[in-house]
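**Student:** Next come the chains, spelled out residue by residue.
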Amino acid sequence: EAQVTQNPRYLITVTGKKLTVTCSQNMNHEYMSWYRQDPGLGLRQIYYSMNVEVTDKGDVPEGYKVSRKEKRNFPLILESPSPNQTSLYFCASSIGLFGTDTYEQYFGPGTRLTVT
Amino acid sequence: AQSVSQHNHHVILSEAASLELGCNYSYGGTVNLFWYVQYPGQHLQLLLKYFSGDPLVKGIKGFEAEFIKSKFSFNLRKPSVQWSDTAEYFCAVISPVTNAGKSTFGDGTTLTVKP
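Heads up: the sequence lines are chains A and B, in that order.
Residues in the first sequence are numbered consecutively from 2, following this note's numbering.
Residues in the second sequence are numbered consecutively from 93, following this note's numbering.
The following block holds chain B by itself, in its conformation from the complex (with noise of 0.2 angstroms):
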């Protein structure tokens, strides 16, 4: 079965700071991954996917992922980060080819950017 572990369940950073949340799954063959993002109060918006070529994702507000297979790894990054940036971040996993329709999703990181 395929499951996603978020390291960090809570990061607290300055604005500007660099931001980096950690994403591991644990199915070993095809996978698309997700990073989804929940502003307070708000439903889940997607901020970036990777489905096949190039393992460096770019995303939507300066956001981007590498996808690293040999580590299992979908880290999320940001170079400098803004107080907007405050909210609950997701990593979800689907594997297309074994588990059609599943989705299983991390169990998320708060973030807190501070002005």
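Isolated chain A (complex conformation) (with noise of 0.2 angstroms):
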């Protein structure tokens, strides 16, 4: 089944103290990007990723980082938490290139995080 799994589906941590969210996904997507969701504000891109080794930052991006060192996985990494990082956590892949008919972005289901 095509999909795309985050772990943790929550998590609950301590101001400073070093995390990361996976992301993988089984159909071979090119394209992988990761987002924030707060209430009233929507969705906001936090980094994205074209290929492999191929990282940029969306409009969020402050107090977070990415690798891609392989095609499938697209991990989130907190290195200092802290309370304002309190939200709710979507990584997406895409099918097809970007800006081409084919794109589309499936989601995974979340990581709801709290930070105290």
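In short, the hints are calculated from the structure, not lab data.
Don't take every hint at face value.
[To be verified] Label pairs and their calculated CB-CB ranges:
id, chain 1, residue 1, chain 2, residue 2, range
1, A, E80, B, A108, 43 to 53 angstroms
2, A, R113, B, R169, 24 to 34 angstroms
3, B, S95, A, L98, 17 to 27 angstroms
[What the hints assert, rightly or not] Straight-line Cα separation of at most 27 angstroms, BS3-like style, residue types lysine-lysine; simulated pairs:
id, chain 1, residue 1, chain 2, residue 2
4, B, K194, A, K70
5, B, K163, B, K206
6, B, K141, A, K72
7, A, K72, B, K194
8, B, K206, B, K150
9, B, K141, B, K161
10, B, K141, B, K163
11, A, K70, A, K19
12, A, K58, B, K194
13, B, K141, A, K58
14, A, K70, A, K58
15, A, K19, A, K58
16, A, K18, A, K70
17, A, K58, A, K18
18, B, K150, B, K163
19, B, K163, B, K194
20, A, K66, B, K194
21, A, K72, A, K19
Note that this is a predicted model, so its numbers are computed, not measured.
In this text, a Cβ means the ideal position worked out from N, Cα and C, and glycines have one as well.
Using the supplied hints, reconstruct the complex from the two chains, each of which is provided in its own coordinate frame.
**Tutor:** Right, here's the structure in full:
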């Protein structure tokens, strides 16, 4: 079954304790992206990756890191989490080339992160 | 920079009523436009998308949207809503020529359909 998986689904942590949220897709998609969803603000893009070893900042990259060492995985790293990073995080991957009519994002189930 | 504005934050309708959700984007160049739906407790799913050609786009579940370039708009419509359409709806834009890789979403519109 084609899918995007995220782990963990729920995480409560404390300020400053490094954490990683994993994202994996089994569809051989080249494009992957991370978003955070906050009430009243919609989805905001954190980082994206057009292919292996190619990553770039979205609109809200501060406090986050990513890596893309292999096509299927795109982990999101919070080196020193702070309470303002409490949010619902979604990973997405895209079939087709960015900007073509085959482009379509498939979203993971989300990771709800609470930083106290 | 590209941006997306969704005018209605919360819409309440009765079943069988018609729906129109507004979406305006700011970027003047080539854009691709999307509507996504998020049912309660679930992840986002694509409803429909516009890349080029016919500005009237039909999607899943009876939804359609019209791209009006002169108005920078991409409004979502459905002639008769059902209780199962209760969800949050997001409009999104990409500008593949100048901002390759970046996706910008609107704030979302929560639709509640009363049975």
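**Student:** Are the hints correct? Go through all of them and say.
**Tutor:** Hints and how they fare:
| no. | hint | in the structure |
| --- | --- | --- |
| 1 | A:E80 <-> B:A108: 43 to 53 angstroms | 52 angstroms, holds |
| 2 | A:R113 <-> B:R169: 24 to 34 angstroms | 32 angstroms, holds |
| 3 | B:S95 <-> A:L98: 17 to 27 angstroms | 24 angstroms, holds |
| 4 | B:K194 <-> A:K70 | 20 angstroms, holds |
| 5 | B:K163 <-> B:K206 | 31 angstroms, violated |
| 6 | B:K141 <-> A:K72 | 25 angstroms, holds |
| 7 | A:K72 <-> B:K194 | 19 angstroms, holds |
| 8 | B:K206 <-> B:K150 | 24 angstroms, holds |
| 9 | B:K141 <-> B:K161 | 15 angstroms, holds |
| 10 | B:K141 <-> B:K163 | 18 angstroms, holds |
| 11 | A:K70 <-> A:K19 | 20 angstroms, holds |
| 12 | A:K58 <-> B:K194 | 9 angstroms, holds |
| 13 | B:K141 <-> A:K58 | 24 angstroms, holds |
| 14 | A:K70 <-> A:K58 | 17 angstroms, holds |
| 15 | A:K19 <-> A:K58 | 20 angstroms, holds |
| 16 | A:K18 <-> A:K70 | 23 angstroms, holds |
| 17 | A:K58 <-> A:K18 | 23 angstroms, holds |
| 18 | B:K150 <-> B:K163 | 20 angstroms, holds |
| 19 | B:K163 <-> B:K194 | 22 angstroms, holds |
| 20 | A:K66 <-> B:K194 | 17 angstroms, holds |
| 21 | A:K72 <-> A:K19 | 24 angstroms, holds |
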